[in-house]
Amino acid sequence: MSCGNPTTEGQDALLPRRLRHDKSRTCVKCKETIGKIVVRHAVYCKDCFFPLMTFKFRRSLEPFVNAKPDGPRRTALKPTGDLLIGYSGGLGSSVLLDLVHRCYVLPEYDRSTAEGGRDHPRKDRVWRKVNVCYVEVCDAFPGMKDNTESIRCAVEQYDGVELISLRVQDAFDPNWWNTTDRSIDLTHFGVNLTSEELLLSSIPAPASPTDALRIYLSSLPTDTARSTALQTLTRLLLYHTAVRRECSHLLLGTSLTSLAVSLISSIAQGGGFHVKEEIQEEWTPNLDIANTTQNEDAKPSRNQRSVRVIRPLRDIGMKECAVWAWWKGVKVVGRESWEWPGSKLGIGRMTKDFIVGLEKDYPSTVSTIVRTCGKLAPKGDVAAQCLLCARPIQQGVQAWKARISIRSLNASDTKVTAPLLESLRPHLCYTCHTTLTSRSPRTSQDSPTAVPLPMWTIAQSRLWNQSTKAVDADDETELFVERRVNQDEMREVVKEFLLDD
Amino acid sequence: MAPRLCALCDNARAILKRPKTGQQICKECFFYVFETEVHNTITQAGLFHPGDRIAIGASGGKDSTVLAHVMKTLNDRYDCGLELFLLSIDEGITGYRDDSLETVKRNQQQYDMPLKILSYDELYGWTMDRIVSQIGKKNNCTFCGVFRRQALDRGASMLHVDHIVTGHNADDIAETVLMNIMRGDIARLGRCTLICTQGEDTIKRSKPFKYAYEKEIVMYAYFKKLDYFSTECIYSPDAYRGHARVFLKDLEAARPSAIIDIIHSGEAFEVKNEVKATQKAQQTCKRCGYMSSNELCKACTLLEGLERGMANAGITDRARKKLDAEGPAPENLRTIPMFHLPSSSSTGPSTPISLEAPA
Amino acid sequence: MSLSLKIEFGGGLELLFSNQRSHKVTIPSRMPSGQGSENERPVDLKYLIFWLKDNLLKERVELFIENETVRPGILVLVNDTDWELEGEGEYQLQDGDEIVFISTLHGG
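Chains as they are written, first to last, in my numbering: chain A, 1 to 501; chain B, 1 to 359; chain C, 1 to 108.
To be clear, the hints were calculated from the coordinates, so they are not data collected in a lab.
A hint or two may mislead.
[Claimed, not checked] Derived SDA-like pairs (lysine to any residue); straight-line CA-CA distance at most 20 Å:
1) Lys215/B x Arg407/A
2) Lys272/B x Val382/A
3) Lys360/A x Val43/C
4) Lys27/B x Asn410/A
5) Lys379/A x Glu270/B
6) Lys360/A x Ser29/C
7) Lys272/B x Pro392/A
8) Lys360/A x Tyr91/C
[To be verified] Here's a subset of chain B near chain A, in silico, CB distances under 8 Å, partners left out:
9) Glu37
10) Met158
11) Met182
12) Cys196
13) Ile262
14) Leu323
15) Gly327
Positions of the beta carbon are idealized from the N, C-alpha and C atoms, including for glycine.
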């Protein structure tokens, strides 16, 4: 109802306000007990809330466990590999670990012998092995506490899972990248951030992976770029670990709220082409990295394996996670905010504040965002996989960018003419290119020219030197600006030959 | 400190920083890139052809004033052979349109373009003032938006134009993308980044300023000394749009490319096929002939509600049912005149079409 | 007259309160309603929130309070029940109540 005066009502006047339930306090499910918790507009008692959570969790996960997602008939769960849980110590991933343990690890132990169940018949387990992977990011921030030990204690509470502890600078560590079956002599490539071209050159090896990480992050033009880049490094470390450990599934603790945040944040950074992947993806490492050894016959099988990345908490809001954690006594180590000294809020943080603020008063907005994005598909063809973030690159991206803004009066500069082998530009998706090049008023004037890159990017760059067929020849034509030549332009060309009518 | 040279021509002194790219450039180069980017937007999409009659949706505000100026400039510079018209809609909000209409009349003189002003009153029999006095300030934006959309098409039809252009800028489009996601309007989301939309029975409608930053439009008007009338609608804005707008401004402050990045995102996705199949097919309104997803188009539904004293019939299902329960619409109900697309062969000067008076 | 309450902080909020999860507090049982002491009202949750800010909160008010209430993303339980079911800020406190404040903002 409107009183007619917009100024007194404020901006919220027309958003559908959620109903206050001064109505029944009885649980909507069992209709007997007094409710203890409100989830969106429904009231639940504890005894109904717990199974609701596990139901939603399993519903988001189990249809995707088998290689071919389940049809209408439910078949037994038989994943092709092991399980990896991405664990940050935050609320979502702590709840995720707890749920996985309760649903898939604990039951086997309960049925087991007193010694702990290692003799449990393998054929009855859903997951042969459950791994938990933690990536420590403290070295990216001056003065941030190293949480590895607290994480180890928290994960230790769960029998039957193995903790893999990484550090985010491993992304720049040749020793991490090289495993026993592939040792490569890696020439280090660095990228020049001065121009949109992103030219590559060899650089001397950084003093340490930590140094490389810090140079990389501090070279990026905006705070938004730093946060996004750090997130990408963490995610790719998890992906590669999953592949190495022969895991067919990687689970991430993204709640409904966090998912809405990451979708909007991604869209705000130009990531519309991979909205689908942001929710769920099937990832295969890009190139046959094993073949970078001299031996052409090196076995490729390990790197052809794909990982299904699933977010089983995507129907579960942050509030429900918090209540679960509280009532079940789940230890949440917590994550510090990613803030660099002197930084302003980046797009990621801003989006989170915006969405969390919306969720408080309009809880359906968060689920609407996720539901709407779930109805979207990428438009256009995939050119390749981004070398930085491993997401699909839309064809024609660079041509589009060049067309939208005129950055030079010299017409030939609107065409991207740099030889492909020397430029990172055509091998990045829109988001990553924007991350590396888009400036803000706060960007410092001097641009770094020899910025180190993650191992997966370098390893694939090396392949260009070895084999030109790794580069899709079609990419070249995509970089030219296409435009229809209209009558007037044609006339311009031939006008001296036209006779007056 | 030595004066900074323009990053583009490297010749004149830089006097402004482009909001879109951050480049520091001189005034002339700014005019050039701004105009040329719009020109490229138009030619890339193949929007116009020589001889096309184009109606510029003119509100007297900055977007449409600058649009009229730029369209005329480009038409002359590139000899495009377009016939340009100004089309203005008077919603009947006292004190709101009066001054901006004066600006449009001035534009008509300055750019030497024919002008048509069409009012809600002559088209629907209701001014926004009267509508709001009946329904209050809730949902008035629904009425205004629906009525304006039809009004532009009808005015363009009267002028026998092939194409309508509106001054929607990059900020508007980015905001609409966010808003449609927040609202779950998947149908609009799939269309809102298209530069040119055309239904089966509507006139082509394009947004040449699709990639032009609002700040740059203001900057252009400022340096070119174009006058315009800045008005904020006095009735409460759509709250979702308000939220999205504030958020967008924050994003832009964090990283100016965010506006273009959002538009790019909008262009990079589309509605999944299985979802498209469930959307309603377009039909024509049986009362006025305009495009509609139902038997009656939105405008006719809203108008019927107003005429029969139950304005919310167009807004809520419950009100609609109540209205239907009272019986069918009376015979002498005021209706919107039948809509016809201009026939494609018409190239003659527009003949005034009088509106049918209500029976 | 005063009330004895048990307060717990979770989800990282404890860091703002001397890094202590559990607190036992005593607060007055009535609060001024702004119209003189004859019109005191029973204390409510909103009062408690501000009392905590004034007496226990050691740093960064904005991480606890926003717009006259707890910051969005902070969940409040009153005797193990969602405060939304108890009237939120208007819930009238009783002696022995247990109030829990959990931040949900610690990422996933």
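Ascending list of hint numbers which this structure does not respect
3, 6, 10, 12, 14, 15
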